[in-house]
Structure formats: C-alpha cells, structure tokens
Amino acid sequence: KQEVTQIPAALSVPEGENLVLNCSFTDSAIYNLQWFRQDPGKGLTSLLLIQSSQREQTSGRLNASLDKSSGRSTLYIAASQPGDSATYLCAVSNTDKLIFGTGTRLQVFP
Amino acid sequence: DGGITQSPKYLFRKEGQNVTLSCEQNLNHDAMYWYRQDPGQGLRLIYYSQIVNDFQKGDIAEGYSVSREKKESFPLTVTSAQKNPTAFYLCASSIEGSYGYTFGSGTRLTVV
Numbered sequence: 001k002q003e004v005t006q007i008p009a010a011l012s013v014p015e016g017e018n019l020v021l022n023c024s025f026t027d028s029a030i031y032n033l034q035w036f037r038q039d040p041g042k043g044l045t046s047l048l049l050i051q052s053s054q055r056e057q058t059s060g061r062l063n064a065s066l067d068k069s070s071g072r073s074t075l076y077i078a079a080s081q082p083g084d085s086a087t088y089l090c091a092v093s094n095t096d097k098l099i100f101g102t103g104t105r106l107q108v109f110p
Numbered sequence: 001d002g003g004i005t006q007s008p009k010y011l012f013r014k015e016g017q018n019v020t021l022s023c024e025q026n027l028n029h030d031a032m033y034w035y036r037q038d039p040g041q042g043l044r045l046i047y048y049s050q051i052v053n054d055f056q057k058g059d060i061a062e063g064y065s066v067s068r069e070k071k072e073s074f075p076l077t078v079t080s081a082q083k084n085p086t087a088f089y090l091c092a093s094s095i096e097g098s099y100g101y102t103f104g105s106g107t108r109l110t111v112v
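Chains as they are written, first to last, in the working numbering: chain Z, 1 to 110; chain H, 1 to 112.
Misleading hints may appear alongside valid ones.
Claimed, not checked - Okay, derived cross-link-like pairs now, DSS-like style, lysine-lysine, Cα gap no bigger than 27 Å in a straight line: (1) K9/H with K1/Z; (2) K9/H with K68/Z; (3) K1/Z with K57/H; (4) K83/H with K42/Z; (5) K71/H with K42/Z; (6) K70/H with K9/H; (7) K42/Z with K9/H.
Derived from the structure by calculation, the hints contain no laboratory data.
Excised from the complex, chain Z in its bound form (with noise of 0.2 Å):
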C-alpha cells in the first residue's frame, strides 16, 4: 500500500529564506507527483506536476524534483515571502486515484 511522508511537519522562516520541503513515497510505480498548495479552511491549488518520465519543473520560485527509484520528491522555495505562508501537500498518483502526505505547514514571518 502506497504510504506518503512529509517532512518536516511545520516550518516557520523569516521573510527571503529560501526553503525545501520534503515527501517521500514507498511505491515507486507511480504515475506522477503533484504538489499543492492550501491556505487556511480553502481548497488545493496545484503548484506544480511532475511526471513519472520527468525529473523536475519549475515555476516562477517554485522547483520541484523527482527521484522514483528513491521514492523522493523535493520542493524548493526561492527567497520565501509571507504571502507563501500555507500547507504544503505532496501527492502521488497511480492508474486511479491520488494518494496525500499530512502536509507542511509553512509560516514566513515578516
């Protein structure tokens, strides 16, 4: 059964840091690996998707990395502001369905 970790389990960082968050996965026949974002009592918006063929993608500050035979995936955040204070959730997908870490929870303070 496919477990997803992530680590660490809250972060709090002052403003221009540049940051890397962690999942890990035990199943390495995945289809694809997703990150989303979540503010506080909203829904996921997604930040970046990594194909299983692909080892990272990138937006704007955000880099992301995939390493299947290791079962680990790496968000990097360049120069952290507040307004990227959320939870931050890995999530990997097989033929079906998509399977969550408990997330990161990041604070960047001014």
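Assemble chain H onto chain Z, guided by the hints.
Then chain H, alone, in the frame of chain Z:
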C-alpha cells in the same frame, strides 16, 4: 472559466439526517473524486468515478453514497450511518491521472 464548483460552502447536519454535497465541473474531465480532510490528517479518498454510471469505493466509503448520472456532476450524500461526519470535504476531477488533478474550494460539514 473552467473549474470545479462545490456547494454549499458550509453545511450543518442534525443527528440522523442525510445531507448531499454538490460537485459540478465544466472541465470535460472523465474522472471525479471525493476526499475528506480532518485536522492533522491527510486527505482520504471516499469515492471516485472514472466514467458516467460507474463509481468505486475509496478508503473510507462507509456511511457515504454517490451517484454519477452526468459527466459534469458527482454529488456526495453523507448518510446517518456516518458516525463522525464533521470534516472538510473536497471534490476533484482529472482527465486521467497522468495529467494531474483539479480541486474545488470545499464544503465544511458540521454536525449540530
């Protein structure tokens, strides 16, 4: 704009009542999903449907029911058999899993 619409945003249920959460998408996606989110826990899959008139149980289907009569709609009914229904419910859709998932804004259900 294409997207997923969940309604209502907030829903209150009395003990013993059935309530239905609405999920509509105009993305022309084939597959739709319902997830439940509790504080401190990851999202857990309740039901999913990959085609009209067909659906499968997820990890926590007990006490819930769904229908998929139209491609655009995938309503979730929380029945009185669900003993702890207070949670945040999220609906999602995808063309197929390899192209990623799109989520709605959620419905917060509270038992009163």
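Now the hints, each set against the structure:
| no. | hint | result |
| --- | --- | --- |
| 1 | K9/H with K1/Z | violated (33 Å) |
| 2 | K9/H with K68/Z | violated (37 Å) |
| 3 | K1/Z with K57/H | holds (16 Å) |
| 4 | K83/H with K42/Z | holds (24 Å) |
| 5 | K71/H with K42/Z | holds (25 Å) |
| 6 | K70/H with K9/H | holds (22 Å) |
| 7 | K42/Z with K9/H | holds (10 Å) |
Hint violations for this structure: numbers 1 and 2, all remaining hints satisfied.
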